[in-house]
Amino acid sequence: MKLTRRAIRTYQYTVLFFSIVSLILINHPTIFLTPVFVILTLTLYVLRGIRKIRKLSGECFEVFLSICPNILSIGDKSKVRVCVESKIEDRLKIEISIMLSGGLKIDSGEANWSGVIDPKNNATLEFTVKVEKSGLLEVGPVIIIAKDDFELVCKDINVDS
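In the working numbering, the protein residues as written are 1197 to 1357.
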């Protein structure tokens, strides 16, 4: 688990701003307590977010990957369809990205998706890849980045497909 860039920037700017202000107004109790309060509040939100996504793992998601046609020669195109289903009851903000091996290049569509997923709403990605090299080529793994409600904490989950 790690903090998102948004949370890190908020911490940095809060500390920097109130440090500069406290240097200007040295030993003023209001200026000293404000950054402590803001950082404490952010820390409590982060701890709340960690509690929610700590239990997530690869078993919480099902990934279905289909490639049509499966056997290609150099220059051919293939349609890839990826469906990600959630097995947990809560709604989650997630980002999905699909890694491609060195000989494949995305021809149309995107191999990334972000949004909210729950058991009723599945995430579906469709894109076309073009073969540039011969050999054994792979589509995957699927990388799922789960975020808490405030998008302060995220967890990377690799699901082999």
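It is worth saying that the hints were derived from the structure and are not from the lab. Check the hints yourself; a few may be wrong.
[Unchecked claim] Between beta-carbon pairs, the in silico distance windows are:
1) T1324 / F1213: 45 to 55 Å
2) E1334 / V1234: 42 to 52 Å
3) K1301 / L1229: 35 to 45 Å
4) D1303 / F1213: 40 to 50 Å
[Unchecked claim] Mimicking DSSO-like on lysine-lysine, the simulated pairs with C-alpha atoms at most 27 Å apart in a straight line are:
5) K1301 / K1273
6) K1273 / K1351
7) K1301 / K1251
8) K1283 / K1301
9) K1329 / K1289
10) K1198 / K1273
11) K1316 / K1273
Note that the Cβ used here is the ideal one computed from N, Cα and C, for glycine as well.
Cross-check of the supplied hints:
1. T1324 / F1213: 45 to 55 Å: Once the Cβ atoms are compared, 47 Å apart, the range 45 to 55 Å for F1213 and T1324 holds.
2. E1334 / V1234: 42 to 52 Å: Holds, at about 46 Å.
3. K1301 / L1229: 35 to 45 Å: 55 Å, violated
4. D1303 / F1213: 40 to 50 Å: 47 Å, holds
5. K1301 / K1273: 10 Å, holds
6. K1273 / K1351: 33 Å, violated
7. K1301 / K1251: 34 Å, violated
8. K1283 / K1301: Distance of about 31 Å is beyond 27 Å: violated.
9. K1329 / K1289: Given that 27 Å is the threshold and the Cα spacing comes to 36 Å, the pair is violated.
10. K1198 / K1273: Judged against 27 Å, a Cα distance of about 37 Å means the pair is violated.
11. K1316 / K1273: Outside the cut-off at roughly 32 Å; violated.
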